[in-house]
Amino acid sequence: DTAVSQTPKYLVTQMGNDKSIKCEQNLGHDTMYWYKQDSKKFLKIMFSYNNKELIINETVPNRFSPKSPDKAHLNLHINSLELGDSAVYFCASSPSFGGTDTQYFGPGTRLTVL
Amino acid sequence: GQQLNQSPQSMFIQEGEDVSMNCTSSSIFNTWLWYKQDPGEGPVLLIALYKAGELTSNGRLTAQFGITRKDSFLNISASIPSDVGIYFCAGLNFGNEKLTFGTGTRLTIIP
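Protein chains in written order, with the numbering used here: chain A, 1 to 114; chain B, 1001 to 1111.
Treat the hints with caution; some may be incorrect.
Stated by the list, open to error - Computed cross-link-like contacts, DSSO-like style, restricted to lysine-lysine with a CA-CA straight-line distance of at most 27 Å:
#1 A/52 to B/1070
#2 A/44 to B/1051
#3 A/22 to B/1098
#4 B/1070 to A/19
#5 A/71 to B/1070
#6 A/40 to B/1051
#7 B/1098 to A/19
#8 A/9 to A/41
#9 A/67 to B/1098
#10 A/71 to B/1098
#11 B/1098 to A/41
#12 A/40 to A/71
#13 B/1051 to A/19
#14 A/71 to B/1051
#15 B/1098 to A/9
#16 A/22 to A/67
#17 B/1070 to A/41
What the hints contain is simulated information worked out from the structure, not anything from laboratory work.
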């Protein structure tokens, strides 16, 4: 009965490849997010979707393209991977957008670009 | 982008000790959140604060929303081994879902 799940847990790939990370939430939330945590553990928001619509795009390179096929899913596709993309990527969800609802995080996907 | 400053950056304590950490911001927030992250896991929400001056407890954890709305404090009483991890504060404003995280406080318990 995992609330926010991500796949894969680990992803190791070569520079220049394209890869995707998937996220699903079974909480019935309207809003989903992608965060990036760097090697110093700093967490920064990348994207936010509300009811399948992009709401926040934090000046992330356009090699990163989120897609939300439905409210319960938010996937992240990364083209032409670079060394600096190595990080842990967290998906999160919250009940709605526009209030101060708390956000619930998935277990993370550790991406290593060689 | 904006970053919240947490202190201390790391703490080494003995089991049973009390812990205090704080978080400061250059701008105000309407909501303050405290998360804990265990190794290999995502952040887990510990306490949410919604009003300036609010003091909220969750078991051995107590957090306060600073009266200026620019800071927050987290205290852990009688620490136990499972308290080990990284504690993050986060600020949120109404109408803006950008959760701004602090730099983290890494808690280690010395046997």
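Against the structure, the hints come out as follows:
no., hint, in the structure
1, A/52 to B/1070, "33 Å, violated"
2, A/44 to B/1051, "24 Å, holds"
3, A/22 to B/1098, "21 Å, holds"
4, B/1070 to A/19, "39 Å, violated"
5, A/71 to B/1070, "33 Å, violated"
6, A/40 to B/1051, "31 Å, violated"
7, B/1098 to A/19, "25 Å, holds"
8, A/9 to A/41, "17 Å, holds"
9, A/67 to B/1098, "19 Å, holds"
10, A/71 to B/1098, "19 Å, holds"
11, B/1098 to A/41, "18 Å, holds"
12, A/40 to A/71, "31 Å, violated"
13, B/1051 to A/19, "42 Å, violated"
14, A/71 to B/1051, "30 Å, violated"
15, B/1098 to A/9, "24 Å, holds"
16, A/22 to A/67, "10 Å, holds"
17, B/1070 to A/41, "22 Å, holds"
Hint compliance for this structure: hints 1, 4, 5, 6, 12, 13 and 14 are not met, and every other hint is.
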